[in-house]
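Residue numbers (this note's numbering), protein chains in the order written: chain A, 5 to 310; chain B, 756 to 885.
These are computed hints drawn from the structure, not numbers from a lab.
Keep in mind the model is a prediction, meaning the values are calculated, not measured.
Check before you lean on any hint, since a few could be wrong.
What the hints assert, rightly or not - Quick look at which bits of chain B chain A covers, simulated, 3 or more residues with Cβ under 8 Å: (1) 766 to 777; (2) 790 to 798; (3) 802 to 810.
Where is the CB? At the ideal position from N, CA and C, for every residue including glycine.
Each chain, written out:
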Amino acid sequence: MEQAIETKALSKSFDGLPAVDKLYLSVPVGSIFGLIGPNGAGKSTLIQMLTGIIRPDSGDGFILGQSIRKRDGSIRNRVGYVPDVPVMYPGFTVTEMYRLGSKLYPFWDWERCRDLHQGFQLPEGQRIRNLSRGQKVQVALVMALALRPQLLLLDEPTAGLDPVVRRAFLQTIIEEVAGQGTTVFYSSHNLNDLEQSADHIAAIYRGRMLFSHTLDELKESVHRLQLIFTGEPQEDVIKALPGLIEYQQSGRVITITITGHLDSISPRLVEIEPELVKELNLDLESIFVAFMKAQGYGFERWEVGS
Amino acid sequence: MWLEINPRSSTPIYQQVVDGVKELVARGILVPGERMPTVRELAVELSLNPNTIAKAYQRLEQEGIIETMRSRGTFVAGRMKVLDMEMAEQQLAGLVERVLVEAYHLGLNREDIKQLFEESLDNWEEKGGK
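Here chain A stands alone, though its shape is the one from the complex (with noise of 0.2 Å):
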């Protein structure tokens, strides 16, 4: 088993309206994969999906080598799953939400919940119902890493988090990671958190993959050029290069961003004889607003030629 989540044409629809579409996804095992997406693109209905909480319609996902149609349960044995909104007993004790883990869960590890616990400094005795949205998050990590998981699945999971536990709670998954080997799955519009803790990052949009990379592949097949011209710059040309995503002009300064590795790009640039060529930085959210922009979605005017 090389995948620890494996799509295939994977659809769900609600009322009607495609939320995860034709779906093709593959996560190799020991990765951190983001998924990153606008609202409303179906990463949660994937997630939720590859966790059995809903069915798809057609197409198939596996998740640790086992169909996600599969009816027992037995796949989620290993599988730990935090939601964006937690849901578990208002009236239960932190304490009694642990036991009901343990009982539900095979290869529960007291150790490992109760060191987990204590590094969050958790409540014990209070109440669900009590604690506040980002320790509910921290008590369903908890419990998600004490049932010893192959896979986790994160559904939004810093969201709403205050800074210092947002990196306690990254710190705890790269841990994981490096000394389980354990495939982490998530969902977050948190891109820097993503840039700093993913290797793979696929964007999906209207229920459909937009790319699936390694991070350093698609930092390296992704660019933002400034091309400086001393005479008039051949707009028409430059508008028609492959795999121009974004244009930008103002006056003779154009700047581009542009798919493909610098080699291929770097010959074609050489025609329209720029003055000065400079590589801008070009990190994972200006990326991710580049790719939705050339799929249409956003609020700004923008043009580019076909």
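Once you have looked at the hints, place chain B on chain A.
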């Protein structure tokens, strides 16, 4: 071991780790024979992906900066002998050219550049650089 990493840079993180370690060795902060943190230790310390650190270590080993002794860990390697002067020159020529391009746009002339280089070199050696 602290490395300055900017996750938001266009330079891939593994490359930043490689460059950072190389700089620490060149500055004499990491010395030959010194034990490197494990992949796991460094990943947790810097809050970076362990696979990224592993990739960086792989590159550093290929370049002869560090060596892994089975079961004993990873260590800073002894200084490389210049085996292939031509290759070394080629590698540096590209970097020098970039400096020259920048220097031109900043309006520096030949003498300015020479002087700057001498000063940088003195400075480097004063701070214990090798």
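Going through the hints against the structure:
Only residues whose beta carbon comes within less than 8 Å of a beta carbon in chain A count, and the region 766 to 777 of chain B has 4; three or more means the coverage holds. Restraint check on the region 790 to 798 of chain B versus chain A: 3 residues with Cβ-Cβ distances below 8 Å, three needed, restraint holds. With 7 residues bearing a CB less than 8 Å from a CB of chain A, the region 802 to 810 of chain B meets the requirement of three and the coverage assertion stands.
This entry satisfies every hint, going by the numbered hints stated previously.
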